Every structure is written in C-alpha cells, then in structure tokens.
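Protein sequences appear in the order of chains X and L.
Under my numbering, residue 305 is the last one in the first sequence; the count climbs by one each step, no gaps.
Under my numbering, residue 543 is the last one in the second sequence; the count climbs by one each step, no gaps.
Don't take every hint at face value.
[Said to hold, decoys possible] Here are the computed distance ranges between Cβ atoms for each label pair:
#, chain 1, residue 1, chain 2, residue 2, range
1, X, L142, L, T41, 19 to 29 Å
2, X, E263, L, L77, 39 to 49 Å
3, L, V484, X, E163, 51 to 61 Å
Because the hints were derived from the structure by calculation, they are not lab data.
Bear in mind that the values here come from a model prediction, so they are computed numbers and not experimental data.
Positions of the beta carbon are idealized from the N, C-alpha and C atoms, including for glycine.
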Amino acid sequence: MKISPWKITLIPIAMFGFGFALVPLYDVFCEVTGLNGKFYSTAQSESNTTQEILSEHVVNLRLTAHAESRDDWLFHPERNVIAIQSGKMIKTHYAFTNPTNQDITIRAVPSIAPGHWAKYLVKIECFCFDEQPVPAGGSVELPLQVTLSANTPEEVNHLTLSYRIYLKSGGES
Amino acid sequence: MSHDHHGPDKGILRWFYTTNHKDIGTMYLVLALGSLLIGGTMAFVIRAELFEPGLQLVDPNFFNQMTTMHGLIMVFGAIMPAFVGLANWLVPMMIGAPDMALPRINNWSFWLLPFAFGMLLCTLFMDGGAPNFGWTFYAPLSTDYAPPSVTFFIFSVHLMGISSIMGAVNVIVTIFNMRAPGMTFMKMPLFVWTWLITAFLLIAVMPVLAGVVTMMLMDIHFGTSFFNAGGGGDPVLFQHVFWFFGHPEVYIMILPAFGIVSHIISTFSRKPLFGYTSMVLATASIAILSFIVWVHHMFTVGLPLAAELFFMYSTMLIAVPTGVKVFNWVTTMFRGSMTFETPMLFSIAFVVLFTIGGLSGLMLAIAPADFQYHDTYFVVAHFHYVLVPGALFSILAAVYYWLPKWCGRMYNETLGKWHFWLSFIGVNITFFPMHFIGLAGMPRRIPDYALQFADFNAIVSVGAFLFGLSQLIFVYNIWRTTLGKKGEQATDKVWEQPTGLEWQIPSPAPYHSFQTPPKVD
C-alpha cells in the first residue's frame, strides 16, 4: 500500500480547522448539557411565566456581584437574597458606580449555579452581555427581572445568580 | 549528473544543503543536546532559587520566565527533536530504505528549528522579558497579562509546529512506501511501529496547537475574544483546546521511547521480545485513548460529575495497555542471559522509574484525590518521572546503543557506567522527594515557599545539581567517541546478537545505505 504525502497533508489541514471548530462545539456542548451556567432561558416562548397561579415552591435566589479585579469600581446588587416563586415577577437591579475619572464601557457576564438547575431561573429582563457606557464618576442602575420556572422540580432549593463586570474589550479600543 | 559523487559535500555548507537522513538525524540530535543543556541551565536557576526559602537570586518574574522556558525548551527543543533525530537515523536503516521519502522537506523541517528556538531564546532579552506564563500558557495569563514577547513565542510555536508536522508526514510516507520487499507491517521493528503511531498523533494534534496559539494571536492583536470573558469568550475554552493537543503530546514524547527500550532489552537479554503483537496493539490503544482523556488535566475547573467520572475512568484505562508493555519488558528479561552495558542499564532504569511515574499518574487520575494534588509538586514529580527517567533515559540509551553503528567506534563503557549511576542517583534524589512536598501541599511554579518545605527542597536541589552535572560526562563521552576519534573499532553487529536490518550494514554506517533494498523473509 503506497500513500501520497499530499493526501497525508490533508489530515493536519483538517485538524487545524477542527481546532477552531472546537470553539462553537464547546458552546453547543455547554448549551446541551447546561454546563458553565451560561445558558438559561430569557423570556422564552413557552411562556410558563405568564401563568397566574402562584406556586407554593419558593426558592431563595442569591445575587452576587464581582467587578473585574484590579479596578476600583463599585458594583453590588440591590438585594442580596430574593425569594422567588413561579408566577411572581421580581424586579430588582444592580448598581454600578465608576469612581474613576475615565469614561468606560462595561459588559456583564452572568453565571448561574448550580449549572444543572440554571434552566429553572427565568430572566425576563437582563443586562447580560449588553454594552453599558458609564461616564467618569457616574452611576448606572442595571435592571433585572426574574421569576422561577413553573416546571421547577421540588428538589431545587437554592439558586445563585452571579454577574461579573468586565471592561469591554475586543473591537475598537 | 556526476555519478562519482557519493560522499558528503565538503565544508560547512554540507550541513545547510544536505538531504541525507544521517546528516539531518545528526543535526537534530545535536540541536536536542544543545537544548537539553540550555533547558538544564534554566533548571539550575530554578533549583538554586529554591535551595532555601526566601527570594535570593532572581526576582519572581524572572523565576516564572525560567520555569516557562525550561518547560518549552525541554519539551519542544530537547525531547521532540531528539526523537525526530533518532527516527531520521534509524527508520530508513531499519526498514531497508536508502533515505527518507521526502529528503528536501526533511532538510527544511530541521532548519526551521534553529530559527524557532533562536527567536524563543531572544525573548529573554526583550522588554518585559520572556514568556512567564508557564509552558501550558493558559489564557488570560498568556493574552491579557502576557509580556509583549508573547507574539514571538507564538511565531516560534508556529514554526516548530510546521517542522513537526512536516517531519511526521515524512516518517509516515517513508514507512508506508519505502519498506524493503517482504517487510510486512507486522515484521516492522518496534521503534518503527511506535514512530509510525507517534507520527499520526503529531499530524493530528500539532495543528490544534497551531490553532490555539493563532486564537491567542487574534485575541491579542486583532480584537477577537476567544478566551476573553469580557467579550463573550471563555478562558476555560483555552484549557480544553490546549489539552486536546497537550495530552496526545505527552504520548508523542513517550511512545518512541517504548520502541527503543523494546529493542535494547531484547538485545541484552539475548531473547526475542516477548509479545511483539501485543506491544503493537498496546501502542495503538494508548494512542487512541490519548484523545479522550484530556480533561484530567483540568479536573478542578468546575465540571459536572459525569465528566469527572468519564475522564477519570478513561484515564485509568490507559494503565491497561501500559501495564501490558511493562509486563512484556519484564517477561523479555525473565530467564534471559542478561548483561548490563550502559544502554541496558538506562533501559532497565526506564522500566522501573517510568512505572513509578505511571503509578503517580494513576493517583492523579483519581478525580477526588486530584483536587488535593492539583498544581502541587506532586504533579511536578509525576511528569518529571515520566519525562526524565522516561523519555530522556530512553534517548540516552538509544544514543549509547546505536552510536557505535553511527560513528564506527565504541563509546567508553566506564564513563557510560559513571554517567548512568550518577544520573540514576541524581534523578531520584531530585524527583522522589517532590512527591512528598507535593502531598504536603507545596504549590508548583513559586519562587518562595513555606519553611516546612525547606529541608526537602535543599535535598532536591542537591540532586538536581548532581543530575545536571553528570550529563557533562555524557557530552564528553560523545565528543570523545565522535569528534575525538577515540574508542575501539565497532564490529558491524556491535552487540552480540542484535536483530534488525541496521546491524547488517557496516559500522560506521556508510553515507548511502541500502541503495538496493535487502530481502526480508
């Protein structure tokens, strides 16, 4: 059996492409498995949120805030713990202050723990991934509206929603 | 066309223009030896700083540059080129071919390397210093927080990646197309087999490494956010892509070693290798399994239970084919008429010490235990046991074993034995105590440490100096035998009853061998 070096060269070329294909594959994998707490429902079509009946199942949602380290921003939730239940809409916000003397643009990246329960937290309004300009010395309120999914199983007894604020990078500077 | 042109070109240009597999093999081995000494010097700096607690000799940033460059140079500059050099010398002679299939590509794959490593070393003198983010260059350490020299590092990784891929394509095509008549796949010497499988691993994963450094380059200079959470990317993605390359890479550095010791143990036990077929199958299974275990390097990033379990069990599964190999080597020696020349001593040490490295690997494979071992000196002990008395000892054994065939003279056996015993003692004094300080909680990649680790670190440093300096005996022995032209004339067979086509040609191997293919029955 003779083989041609040109044919063999196709393998490294394909594998170079595969390395890049790992990027979307990684996101798909996280989405399918619910890993990373990255994927969650935002005002979804099944609208299990519009039901009138207040469920008896109450879950404590803990809100945490992290500003990117090495920067002296102030970032905190309005309330640290909220009791959420299906059928009841909760409105709250995070407050962000930029005490520096520079205008900045920030971006918030959310994460929900435990990851495999992330799908039961329904966010109606969220500032996730939005670019938010903050002037020097200014403050902004970042609104958040959440509820609990109607089909949340009984064993779900706590959820944590965390936001981490990054200085927007990539693209223009 | 001149037909009387049979020998090598004269003068220095011979080495630039050569397409001869023996010349190129020699250049690879010399480059690897140079890298070993440079990387070893960096290890000296690391161990000198760690000799006692506190910051004595170098500042922490330079210490980080040393650990990073030591790792990169040893992996990409010493171990991998040494194996490619051995493949160049040995594969054509073992399969009865006159040369490699793609001799000009061969020249190019070698000559990329001095530029790649020259550039990598130049980063030491740049503003901001050399790469300081560890040889695994995790983002964002290697992107947002990297010194400016990271771009040169990326270019140098690209160059050595291209070199490795071309070298691997060359090996595959040579082995497939140029075997002597009658040499079926299952008659190929094990070194050829292990290198064939290694070459497939190389062409499968080196492009992924090229991909991950390209993504870094784009994150740093072109505003993408592959690994930047602020832009919607994910730093953990870096670790997945890197280790998808990184785990097969560690087998790239050990599979050819399996081939080498199989040859040497068989020769000095004066018995055919026990279980040739199972050796081939075990090598192939290790290579296949190496693609589905990468997450065991990142058990602590936050994984679901199912992933922890899957990667824990798949990792442990690798112990089975590896155990088959160790069993075969031991059984080959069993009731053999053994003698203990230097290559055999290194090979026996390989079997024993590589097994220790494999066992600590099994401990690390246990996900719950790994949460404690992660990023401690236990990991450092583990991978140095598989890479130093593993890969490096096999290379040293190979050089002692085939050197008489290459240059026609025997090396000095007394110096060889001194080299072996000092290395053997040094390597164990260096790396064995690291298991204990690791289990006691000393983290890796730190220039200073808590006082309770002081005694063991001093012992480790003494062992490292002993091990490092004893390599100079090797350098002297090689110089004495080759350029120094000392040592008795080697016979064509060199050893008592070695098997393989390379022992049928004269010693030293003529510049052109097997111009007409031998018959293999």
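Do the hints match the structure? See the list:
1. X:L142 with L:T41: 19 to 29 Å: For L142 of chain X and T41 of chain L the Cβ distance comes to about 25 Å; the hint holds.
2. X:E263 with L:L77: 39 to 49 Å: 43 Å, holds
3. L:V484 with X:E163: 51 to 61 Å: Given about 53 Å between the Cβ atoms, the range holds.
Consistency with the previously given hints is maintained throughout, with no hint failing.
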